[in-house]
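In the working numbering, the protein residues as written are 276 to 636.
Possibly wrong hints are sitting among the right ones.
Listed below are the simulated EDC-like cross-link pairs for lysine to aspartate or glutamate, each with C-alpha atoms no more than 20 Å apart in a straight line [what the hints assert, rightly or not]: (1) LYS280 x ASP346; (2) LYS374 x ASP572; (3) LYS362 x GLU340; (4) LYS587 x ASP401; (5) LYS368 x GLU358; (6) LYS587 x GLU413; (7) LYS481 x GLU635; (8) LYS392 x ASP367; (9) LYS280 x ASP461; (10) LYS481 x ASP401; (11) LYS392 x GLU289; (12) LYS483 x GLU525; (13) LYS587 x GLU574; (14) LYS451 x ASP461.
Keep in mind that the hints were calculated from the coordinates and are not lab data.
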Amino acid sequence: MDQNKLARVLKSMEENQVPQMIISDPVAIFYLTGHWIHPGERLLALYLNVNGNHKMMINKLFPQEGDMGVDVIYYDDIEDGVEILSKYVDKDKVMGIDKTWPSKFLIRLQELGGGSKFVNGSPIIDYIRMVKDEKELELMRISSRINDDVMEELIPYVVKGLTENELDAKVREIYKAHGCEGVSFDPITAYGKNGADPHHVTDDSKGKRGDSVVLDIGGFKDNYASDMTRTVFIGEVSDRQREVYDIVVEANMRGIAAAKPGNKMKDVDLAARNYIEEKGFGEYFTHRTGHSIGLEDHEFGDVSSVNEDVIKVGQCFSVEPGIYLPEENFGVRIEDLVIITEDGCEVLNNFTKDLIVVPEE
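Construct all of the structure, not just a fragment, from the sequences and the given hints.
Structural data, given as structure tokens:
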């Protein structure tokens, strides 16, 4: 168990008057213990108590090597894991439950009277994970440096006659060659009109001269995610496409400029959104400006126009405005990751945002 992280969690539990809590999210458990456990449908529960009576419930199918820094209780498939867990909890005190714990386990704990009251404990660890320590920040930098290299290697393939699915496979191949564990989300490799759908599902479309190509990619390196979007053009670019591209780049830069401690998360969104609206494309920017990232590509803490949370040093999130024009058969999105510093932010993506027209072969 990482004692520094655990101390932060316990302090927050006390501040929020949650004396005990069950964490079931495998990502949060890895964050605290350094152990990946994927239990499927079986019970996995890290029980924390401000008084120190911490327990980890794990099915015997998932034996762990080494000291986890917490008492481990193994159970098998013919035992009631929740009933065993209930013997260790303070039944007369409030119990925090995280948002990923299946209801079948929560309901059973409630039947057993496993707490005087049940509350959502997820914000406690979510807010802690949102602010990265120095080790995490360096891992984010490394992951993003690889992502820059992957993007540079990927772009020439948009003119090689590959379908979107084949381009998707190429992305995965390049990440593997760079030592990544895999992609951090299903890549978006969208030609032409498909790029006007912000979350287009890759298909067998092929690109043609004059198409925009939206490339939204990210990988996992040493468990930490990268995420970046660039939009390039095949063979030529129209004046209209260039106009939209320049607006999105400027919106991205304005969002980045607003990413600093003391501002609110919504300030980043509005800096990008207001500019796009001023240019007459507000209705075509159809999603929030970004999301937090770390052990997962999308973590708690979005960059939206309604998020009043104050930005803190150590946060890492994306700034990714876009304009999507289905009637004109193209879209543009530009995305960078930023780390919040004492006086502003550090942009993790160094791959150029200059407009790229990829010459046809």
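Hints, one by one, checked against the model:
no., hint, in the structure
1, LYS280 x ASP346, "17 Å, holds"
2, LYS374 x ASP572, "18 Å, holds"
3, LYS362 x GLU340, "25 Å, violated"
4, LYS587 x ASP401, "14 Å, holds"
5, LYS368 x GLU358, "17 Å, holds"
6, LYS587 x GLU413, "17 Å, holds"
7, LYS481 x GLU635, "13 Å, holds"
8, LYS392 x ASP367, "8 Å, holds"
9, LYS280 x ASP461, "30 Å, violated"
10, LYS481 x ASP401, "40 Å, violated"
11, LYS392 x GLU289, "16 Å, holds"
12, LYS483 x GLU525, "27 Å, violated"
13, LYS587 x GLU574, "15 Å, holds"
14, LYS451 x ASP461, "14 Å, holds"
Hints 3, 9, 10 and 12, counting from the list given before, are not met by this structure.
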